[in-house]
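With the hints as a guide, bring the two chains together.
Chains H and F supply the protein sequences, listed in that same order.
So the first sequence is numbered by my numbering: it starts at 1 and just counts up by one.
So the second sequence is numbered by my numbering: it starts at 426 and just counts up by one.
Errors might be hidden in some of the hints.
Just a few of them, taken from the derived set where beta-carbon distance is under 8 Å, the chain H residues facing chain F [as the list claims (entries may be wrong)]:
no., residue
1, ARG103
2, ARG113
3, ARG128
4, GLU133
5, ARG136
6, THR140
7, MET196
8, PRO197
9, HIS198
By construction, these hints were calculated from the structure, which means they are not laboratory data.
Computed from a predicted model, the values in this text were never measured in an experiment.
Ideal Cβ positions, reconstructed from N, Cα and C, are used throughout, including at glycine.
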Amino acid sequence: MPDLQPWQLERRYDVVVVGGGPAGLAAAVGAREQGAERVLIVDRESEPGGILQQCIHHGFGLHHFKEELTGPAYAQRYLERVLEHDVDIVTDAYVLDVDPTRRVSLLSGRHGRTEVDAGAVVLAMGARERTREAIRIPGTRPAGVMTAGFAQKLVNMAGYLPGRRVAILGSGDIGLIMARRLMLEGAEVVGVFELMPHANGLTRNVVQCLHDFDIPLHLSTTVVRIHGHDRVDKVSVAPVDEALRPRMAEAWEVPCDTLLVSIGLIPDNELARALGVRLDPVTTGPVVTSTMETSRDGVFACGNTVHIHDLVDWVSQESQLAGGGAGAFASGRRSSADNVRLVPGRNVRSCVPHTITTDREHTVFLRVTKSLAPCSLRLGEVYERPLRYVVPGEMVTLKVRPRFLQGFHGGNLHVDVVPREEAAA
Amino acid sequence: MRFDVAIVGAGVVGCAIARELTRYRLHVALIDRECEVGLGTSKANSGIIHGGHRAHEGSYKGATEWRGNQLWDELAQDLPFGYSRIGDLTVAFDDGDIEHLHMLLDQGRRRGVSGLELWEPERLQREEPNLSHDVKQALHAPTSGVVNPYEACFALAENAVRNGLTLLLEHTVSAIERRDDGFTVTTDRGVLDARFVVNAAGVHGDAVARMVGAEEAGLRFRKGEEYLLDKRLVGFVTRVVFPCPSPTSKGILVIPTYDGTLMVGPTATWSEATDLTTSAEGARAVFEGAQRLAPGISEGDCIAEFAGVRAVAADEDFAIGTTRVPGFVNVIGIQSPGLTAAPAIALDVVELLQGEGLGLEHDDGFVPGIDAPIRFAQLDAEEQARVVRGDPRFGRIACRCEIVTEGEVLHAIERGARTMDGIKFRTRAGMGRCQGGFCAWRCMRLLAETLDVEVSDVTKRGGASWITLPRLEVEHA
Numbered sequence: 001m002p003d004l005q006p007w008q009l010e011r012r013y014d015v016v017v018v019g020g021g022p023a024g025l026a027a028a029v030g031a032r033e034q035g036a037e038r039v040l041i042v043d044r045e046s047e048p049g050g051i052l053q054q055c056i057h058h059g060f061g062l063h064h065f066k067e068e069l070t071g072p073a074y075a076q077r078y079l080e081r082v083l084e085h086d087v088d089i090v091t092d093a094y095v096l097d098v099d100p101t102r103r104v105s106l107l108s109g110r111h112g113r114t115e116v117d118a119g120a121v122v123l124a125m126g127a128r129e130r131t132r133e134a135i136r137i138p139g140t141r142p143a144g145v146m147t148a149g150f151a152q153k154l155v156n157m158a159g160y161l162p163g164r165r166v167a168i169l170g171s172g173d174i175g176l177i178m179a180r181r182l183m184l185e186g187a188e189v190v191g192v193f194e195l196m197p198h199a200n201g202l203t204r205n206v207v208q209c210l211h212d213f214d215i216p217l218h219l220s221t222t223v224v225r226i227h228g229h230d231r232v233d234k235v236s237v238a239p240v241d242e243a244l245r246p247r248m249a250e251a252w253e254v255p256c257d258t259l260l261v262s263i264g265l266i267p268d269n270e271l272a273r274a275l276g277v278r279l280d281p282v283t284t285g286p287v288v289t290s291t292m293e294t295s296r297d298g299v300f301a302c303g304n305t306v307h308i309h310d311l312v313d314w315v316s317q318e319s320q321l322a323g324g325g326a327g328a329f330a331s332g333r334r335s336s337a338d339n340v341r342l343v344p345g346r347n348v349r350s351c352v353p354h355t356i357t358t359d360r361e362h363t364v365f366l367r368v369t370k371s372l373a374p375c376s377l378r379l380g381e382v383y384e385r386p387l388r389y390v391v392p393g394e395m396v397t398l399k400v401r402p403r404f405l406q407g408f409h410g411g412n413l414h415v416d417v418v419p420r421e422e423a424a425a
Numbered sequence: 426m427r428f429d430v431a432i433v434g435a436g437v438v439g440c441a442i443a444r445e446l447t448r449y450r451l452h453v454a455l456i457d458r459e460c461e462v463g464l465g466t467s468k469a470n471s472g473i474i475h476g477g478h479r480a481h482e483g484s485y486k487g488a489t490e491w492r493g494n495q496l497w498d499e500l501a502q503d504l505p506f507g508y509s510r511i512g513d514l515t516v517a518f519d520d521g522d523i524e525h526l527h528m529l530l531d532q533g534r535r536r537g538v539s540g541l542e543l544w545e546p547e548r549l550q551r552e553e554p555n556l557s558h559d560v561k562q563a564l565h566a567p568t569s570g571v572v573n574p575y576e577a578c579f580a581l582a583e584n585a586v587r588n589g590l591t592l593l594l595e596h597t598v599s600a601i602e603r604r605d606d607g608f609t610v611t612t613d614r615g616v617l618d619a620r621f622v623v624n625a626a627g628v629h630g631d632a633v634a635r636m637v638g639a640e641e642a643g644l645r646f647r648k649g650e651e652y653l654l655d656k657r658l659v660g661f662v663t664r665v666v667f668p669c670p671s672p673t674s675k676g677i678l679v680i681p682t683y684d685g686t687l688m689v690g691p692t693a694t695w696s697e698a699t700d701l702t703t704s705a706e707g708a709r710a711v712f713e714g715a716q717r718l719a720p721g722i723s724e725g726d727c728i729a730e731f732a733g734v735r736a737v738a739a740d741e742d743f744a745i746g747t748t749r750v751p752g753f754v755n756v757i758g759i760q761s762p763g764l765t766a767a768p769a770i771a772l773d774v775v776e777l778l779q780g781e782g783l784g785l786e787h788d789d790g791f792v793p794g795i796d797a798p799i800r801f802a803q804l805d806a807e808e809q810a811r812v813v814r815g816d817p818r819f820g821r822i823a824c825r826c827e828i829v830t831e832g833e834v835l836h837a838i839e840r841g842a843r844t845m846d847g848i849k850f851r852t853r854a855g856m857g858r859c860q861g862g863f864c865a866w867r868c869m870r871l872l873a874e875t876l877d878v879e880v881s882d883v884t885k886r887g888g889a890s891w892i893t894l895p896r897l898e899v900e901h902a
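Pulled out of the complex, with its shape left as it was, chain F reads as follows (with noise of 0.2 Å):
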């Protein structure tokens, strides 16, 4: 098969770019080792569309932050994903942390991100009564939001792939190849051509970038640890907070995620790319951080945690561009604000395509939307009572934490769910106080039943990570 470009790494940018490329009357593949989309640093990061204000100019990032964050309404109209400008505070402490305050107002200005406001105690502790009393100015961005990044990523695949993108999941990449008229890669499960090659590999972005021979950017990894607190916190703060970075740490976040619950972290540490791991440090960092912000916050309250891995270029900042090998754009060393920034990163890369070749015709067929799936919790009564009367699917609740209906599970599978973290993702199933005491065993079944496989051969994430295992084999005399 020959296509006109083919994407390594199918996280937030490699299918935010794809889906651009859909535009075009263009042959494009996306291709991924994991058995879904944004399973990578997508899935496990802070989901803030950062202000606008916040990243360093003169930089990619500072580039770029203020431009995707406004990107994000139009893709928010067109997809179906959780995403809300709820702002962010940014808190400060003491005259020091004052000083950035102003020097982020000034940037934020500057670039023209509007509703900036200095906040005094008075007005903090009215709009905010949480937070920590020590607080002594806040700066106020109304233009930054939350969003949850998986469901961007299964949103921007789902209609890409609608608007003809090949999908090409559990293809690990292992060789590309320069030839003559563009590349070939070789990945386990068979060979492709394409007349040019994105690298958005992530963590692997270095080794895909080795494979052909083009400029690596010196990546290396920092950890995040992140907790997320039980439901009866929703409400407790509204908008995001952030302390001013300290010369060691970049700081404790308070998130109040789309779905209400609260989130705290990241930590920021040095780890090996694939390391995943959460640790009694982290925790304790992360709570006294957050208690900081605010003091109610308890680690009593912790129902889940989980760790993720940027990608983290030699300057610290994106490695987007053409590289010495005519044809392959690199998109690597994407940190954040880089789900904020994916959007423009997004339209960049298209350009830089276009630069090295790629005829841009537009597909007049091309369908900016997919169907929004049911959310039963968050519909009234009433639609709740004609949902259940189309479809008794629906009345059959499969995750009692979240409030997920047997048939939203249903969906997501028709939708390409093939895990437990799939359907977790999808549907919020299993993302509650119980973590899948309840219902793992339902969404086992539903999977099972649906793509007609043995129970056995369900996974939590693919690969290896089946929920049961088979019995030994006893050898009889």
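Same shape as in the complex, but just chain H (with noise of 0.2 Å):
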């Protein structure tokens, strides 16, 4: 991937976009499609793509492309797309900072610290991780407490073995994910320990990583302790109480070498926040539009960074959108304005984006707060549809028409997710 020369880089482009990654790869195909002669995306690793590449397993790609890719097989397939519409890229480069006139400050090696401006700005930095250290776990401080990303990036892309008798807290994808990669790499995984009384994953991969391996996937129990001095010797678990609380008298331990904690991303914003971005106190991620423009102008967001998807395929489709919200803006064009505030109701816990209009039509993604079956998605009074099952793990999407919404004239519109029987009453 040859990164741009310094006399290449432009003082202007019509549309930057911050990161490389899934998120970042669509939206520059969006901007460039939707008009944006000049777009640049900037990237801290040395190659595009994002998380994705270090995401060897399958799966990706069955909605996008109806076939199942690799995560690098789907990140090239993008990147492919990114050349072919003439985009420029750096690489090894960090943006510092964006301001509110969209002057973006670069740092690179190769093109050392120096500013673009920007017609319009997408952020799609991802997310990082939470960490051990976040959620406190009582105990010592050795090697071998890391999390299940982490563990991911030393052994696919550095070839390095995190451990060799491993317990995984958190069932998130990620850590279901490793559990599989570290057995077929020759550890022995433990346990899965999860504290809510559902998997956090998605169902597949409860299944395929997990009962195919013969990995017993511990629900409403928790890692109480971490011990060893230099590096982990065991952790203790507990089972937790409804409130979720540990039951200590019922506590036993695990001998393990490693504990892998995969318990939960969380949108990367600290440019957002700086530049003054207004953030949903529940995905922690910025406010967006339906054209995915947060609420300072011509700024717009996608992917992870506003909320956490558990499909590369809907990120690229999202962020396809915002990229070519940012390319339509940074042409002088706006689409008509957001009549509908989507409220998250009974039982869901965020609606993005947040807002939408009458006149188009609207992929709107749902998470919901507990699993329920069968249950019925409401928008106020004006749709429902039947679903099978919901459960926190798997986000909801609702492709939302303009019939729809016909005789709703703009407003707040909750959205709820409610039990079967309820919802014929």
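So, in structure tokens, the structure goes:
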């Protein structure tokens, strides 16, 4: 992947995309397709593709490309489209700041500390993993406690084994994928411990990564203590009560040399926060319009920076939209203003985007608070759709068509996911 | 190898003594079991330079707190480490507390501590709007400050080495024998002779004293848990905030560290010497205590936690002095305000050694300073641009949470970092909210490449704390 030469970097771009992961790549394509002439992607790694590059398992692209790809293959497909669209990319580079005039401060060994002006900016920085420290697991602080994503990087990118006898806290998708990966690498995975009464990852990952490898999944159980001086030598785990408090009298010890934590992702929003972008306290990502524009004019956001997705396919779709919005903005075109505010109602944790229009089709992504089956998704009084089941680990996607909102003239629209019989009543 | 002085223990006290001694024409050895200096009590504490008014009169602590406080300015001029006199506030919630404030005020004034002032709620809320509105009165001490204690240790040791110190890391002292003309110190990696021995062995202080038959201090161990909060809260509180001590607890503080991040703690519970565990009860106590002072602080903002152990002498005071073994000096039982007092203690120890017969001849070649490491994140845009033009390695970010460049990591390795913790405590790479998730691999690779070792040899902090493990041997039939 040839980096842009210093003399090739322009002083001004129509759209600058911060991050070259799946969100950033799709946004760049979207921007070009909506009329942006000069588009720049800034990526901090030496190759674009983001976290997909370390996701060497398959299962990507079923929705978007209608075939099953590995992470790097998915990234490559998108990267080719980006290159066809004549987009500039700087790698090994870091965006230090975006100011309200959309001046972007860059740092790179090749380009130095420099600035480019952007007609529109797309924030596509992705997410970071929650850590052991963030949830304050008591005990010692030995080597061998790491996030599942870091372990994935060690195994898949660098070829090193993070440990030989591994316990995993949290049943997020990365943890599940790593359970299988470490088994295949010859390590022993002694168990996956999940605080909640349900798995947090996709059902297919629970089946393919745990069940198929006889790895026990302990629900409503958490790690209550880490032991070991230099390196982990065991962890204490305990079941939790309904208020999620550990029942210490029933704790037991699990010998292991490694504890992977897979306890969720947090949108990476340092830049957005510094820029004064309004954030949603639930998703912790920016509040966005139907074109993925944030509260700052001409600043768009997409992908895990906005909310945590489970499938990259949706990231691509959402980001292409964000890039399109940025491209249109940079070209001086604005679509009709949003007139509907989506309000997460019963059993709905979050809705993205936060506002939509009544005159176009929109894809809305929901997360529910708790599992329900069968159930119904309701948009205020105007639309209802039956769902076979919902679980917090799987995002619900809803295409909102203009005809659903016929007779709705704007304002707050509550989104509820309720039991089927109640809905029928 | 024969030394004039061997110092056992390279914490802040051992490092400060070592540096003082290198002002003279002496052969000095500083010995520590860990792979880097300052990794014991000195690393894991509140990092406070106490105002000078706090420690009780009539104690060694009281005698060195204010003297030590004043010496830090000069140290900070000579050496690069995070240090700032941000001031502290002791806050009173009731009449008993207010009495305590007046006691501290009188004690400080008698010692000559400058600038002490009582603040009424109105002033307090103007200066620190995020503190509890239940505070009735506060004592402001502008003399108080914060320091990054590990950086102080690195700088003191690096400067001492530059002035001729022999630094023996990963050397565990197992025996000290008194001979006619000095001591033989046995370590797991060889034997050395020294005319004088200084015992600055922290939690191992009694064990080292016992080796040679010197007085012990009846050391017990008090553990303190501390919790670091997200950068989001930078500026939330701008001075160190102390509650008044209660009969059962010295209280939980809110500490704006040198780097701006808030730290809350410490707990104070009796423990084993090596118990560095944090606990659910500790976290609860710390956040309850901190919320009493500043109600806006939340557990959800926690990004890291740690525990440190202080060696506590039977009489709770520092145990500093010559012993019944001529030439063997104890500097043990150094708990709070030991960090504050360290520069004063170092001067006292030099005097004690002189009293024991150590000749002191000034070394004209003594250089008080070392080059300050580049802190990219603290430079302005123009300086950053200039640094990157000079060395493109400063254009590559290693740690994104704290904006640490690869150039800084490489410099840290050149200056002695050997482990992931060594890099972290020198550069802040890995100290931020992602706790190394992003930078750990980059730092591992830079360590391996620069030191010409395998990635699999890289450790968190020496010993067997490897980051990766070799694959299991598989027996083939």
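Comparing the hints with the structure gives:
The interface hint given for ARG103 of chain H is broken, as the beta carbon of that residue sits about 11 Å from the closest beta carbon of chain F, more than 8 Å. Hint status for ARG113 of chain H relative to chain F: holds, with the closest Cβ pair at about 4 Å, below 8 Å. Given hint, ARG128 of chain H at the interface with chain F, holds; its Cβ is 5 Å from that chain's nearest Cβ, closer than 8 Å. The beta carbon of GLU133 of chain H comes within 4 Å of a beta carbon in chain F, closer than 8 Å, and the hint placing it at the interface holds.
The interface hint given for ARG136 of chain H is met, as the beta carbon of that residue sits about 5 Å from the closest beta carbon of chain F, less than 8 Å. Because the smallest distance between the Cβ of THR140 of chain H and any Cβ of chain F comes to about 5 Å, under 8 Å, the interface hint for this residue holds. With 8 Å as the threshold, the beta carbon of MET196 of chain H stays out of range of chain F, its nearest partner Cβ sitting at about 18 Å, so the hint is violated. Proximity of PRO197 of chain H to chain F is violated relative to the hint, the smallest CB-CB distance being about 21 Å (cut-off 8 Å).
Given hint, HIS198 of chain H at the interface with chain F, is violated; its Cβ is 22 Å from that chain's nearest Cβ, farther than 8 Å.
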